[in-house]
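Using the sequences plus the hints, can you model the full thing?
For the sequence shown, the numbering used here begins at 92 and goes up steadily by one.
Please note that the accuracy of each hint is not assured.
Heads up, simulated EDC-like pairs for lysine to aspartate or glutamate below, C-alpha to C-alpha not over 16 Å straight-line [stated by the list, open to error]:
| hint | residue 1 | residue 2 |
| --- | --- | --- |
| 1 | Lys499 | Asp289 |
| 2 | Lys431 | Asp389 |
| 3 | Lys288 | Glu428 |
| 4 | Lys410 | Glu446 |
| 5 | Lys407 | Asp374 |
| 6 | Lys496 | Asp525 |
| 7 | Lys410 | Glu382 |
| 8 | Lys407 | Glu446 |
| 9 | Lys452 | Asp389 |
| 10 | Lys407 | Glu428 |
| 11 | Lys452 | Glu500 |
| 12 | Lys407 | Asp426 |
| 13 | Lys202 | Asp459 |
| 14 | Lys431 | Glu399 |
Just so you know, these hints were derived from the structure itself, not from any lab.
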Amino acid sequence: MSETATKGGAKATNDIKDIKLADEGRRRTEWAERSMPVLRHIRERFARERPLTGKRLAACLHVTTETANLAVTLQAGGADVALCASNPLSTQDDVAAHLVRDHGIKVFAIKGEDHATYYEHIRAALAHRADITMDDGADLVGALHMIALNRLDDLAPPVRKWVETLSAADRKALVAGVIGSTEETTTGVIRLKAMAKDGVLQFPVIAVNDSLTKHLFDNRYGTGQSTLDGIIRATNLLIAGSTVVVAGYGWCGRGFAMRARGAGANVIVTEIDPMKALEAQMDGYRVATMEAAAPVGDLFVTLTGNVEVIRVEHMKAMKDGAVVANSGHFNVEIDLEGLKKVATGPVRVREFVEEFQLAGKKIFVLGDGRLINLAAAEGHPASVMDMSFANQALAAEYVVNNAKKLGKEVSRIPADLDQEIARLKLQSMGVAIDTLTAAQRKYLASWDMGT
Numbered sequence: 092m093s094e095t096a097t098k099g100g101a102k103a104t105n106d107i108k109d110i111k112l113a114d115e116g117r118r119r120t121e122w123a124e125r126s127m128p129v130l131r132h133i134r135e136r137f138a139r140e141r142p143l144t145g146k147r148l149a150a151c152l153h154v155t156t157e158t159a160n161l162a163v164t165l166q167a168g169g170a171d172v173a174l175c176a177s178n179p180l181s182t183q184d185d186v187a188a189h190l191v192r193d194h195g196i197k198v199f200a201i202k203g204e205d206h207a208t209y210y211e212h213i214r215a216a217l218a219h220r221a222d223i224t225m226d227d228g229a230d231l232v233g234a235l236h237m238i239a240l241n242r243l244d245d246l247a248p249p250v251r252k253w254v255e256t257l258s259a260a261d262r263k264a265l266v267a268g269v270i271g272s273t274e275e276t277t278t279g280v281i282r283l284k285a286m287a288k289d290g291v292l293q294f295p296v297i298a299v300n301d302s303l304t305k306h307l308f309d310n311r312y313g314t315g316q317s318t319l320d321g322i323i324r325a326t327n328l329l330i331a332g333s334t335v336v337v338a339g340y341g342w343c344g345r346g347f348a349m350r351a352r353g354a355g356a357n358v359i360v361t362e363i364d365p366m367k368a369l370e371a372q373m374d375g376y377r378v379a380t381m382e383a384a385a386p387v388g389d390l391f392v393t394l395t396g397n398v399e400v401i402r403v404e405h406m407k408a409m410k411d412g413a414v415v416a417n418s419g420h421f422n423v424e425i426d427l428e429g430l431k432k433v434a435t436g437p438v439r440v441r442e443f444v445e446e447f448q449l450a451g452k453k454i455f456v457l458g459d460g461r462l463i464n465l466a467a468a469e470g471h472p473a474s475v476m477d478m479s480f481a482n483q484a485l486a487a488e489y490v491v492n493n494a495k496k497l498g499k500e501v502s503r504i505p506a507d508l509d510q511e512i513a514r515l516k517l518q519s520m521g522v523a524i525d526t527l528t529a530a531q532r533k534y535l536a537s538w539d540m541g542t
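Pasting the structure below:
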């Protein structure tokens, strides 16, 4: 039996806020499921074929209604699923309760959990001794690799203390038992590719984020809409007429810049990549350095996956009342530790708004610098997560079917599966497209047909 979270010395099969919230979680999960026809199609096939039978799967994902539908799909495929949160503020407690009560899924997640609890929940997921891990930010994979490399001091205390109780053979088995992993985010994929480059990756990883049906839609349309939604819910500010500074012009930054402009904002983009900066300029945005943007922006949003994108010198230059938020995966894009050293505060002025006083001015930080779309709102719409989680489900199946052939590297799911997800999504939307004629196929395959 898998080890689970511990309370008062007694092992528990879950750690959630309140099981009584399950009815609301069930209703909201069912509402999301209406907008997830591709995942539903996969779930129905999984229930018939049971491709994940006998496999233990540990997932570290945002515990939302959409994730609930993924977890139920994996369970329908035969997997024994344990789920923990990939962000302390992203859990929807009613959904966690629903998964525990109505599906018997092991869940370790509480919205607003502190640092120690967050890593205790990571530990509980690791103790599930998974055959497959599923990450949103590489927390599970990262911990497993610190164990494999015997870098126990780099583990969070709750994880380290548990690992120290394991024998060397148990530690080795914990890592060796993983046949493969999947990764949801840009941030996680960057980390994992660096591990593969350094030759330390211990098992195959499928970069779900690299699928076209993931990053072209989830990152752009999902992040774009949900980030704006989270900011408005947190602040109730009018976007129209304001100056919004978007740090990063990857697919997430593009999506948010597009939505901010659509809401009437004057948008400034900051970038370090000349190609992306050029794209932003030709897309009609003003491109500037953060130093130049700091004194004129009303709202600043980071979407880079990097550290200290907004630093103390930038915040000192901001106007009184400037609002700062993050929609990158980790809360490191805004230098909050540096801010706390030089400013007074924070003072909570709204549920997800903290005020800092700096150089005679007020700076407002949203959601503790964490993902604002999940801290203050509900994350991406279900319709776009339908494709992302279809990728996750198919990636898990692909790992099981190809475990012996996959190398210790980061790869994406085959292009034909990516295309199939797009086809199913179009079909669910009632959209028909053309197909190539025989003459067109011949032309595209030839090299000797001229003008």
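Next item on the list: Could you tell me which of the hints above the structure violates, numbers in ascending order?
Entry: 2, 3, 5, 6, 11
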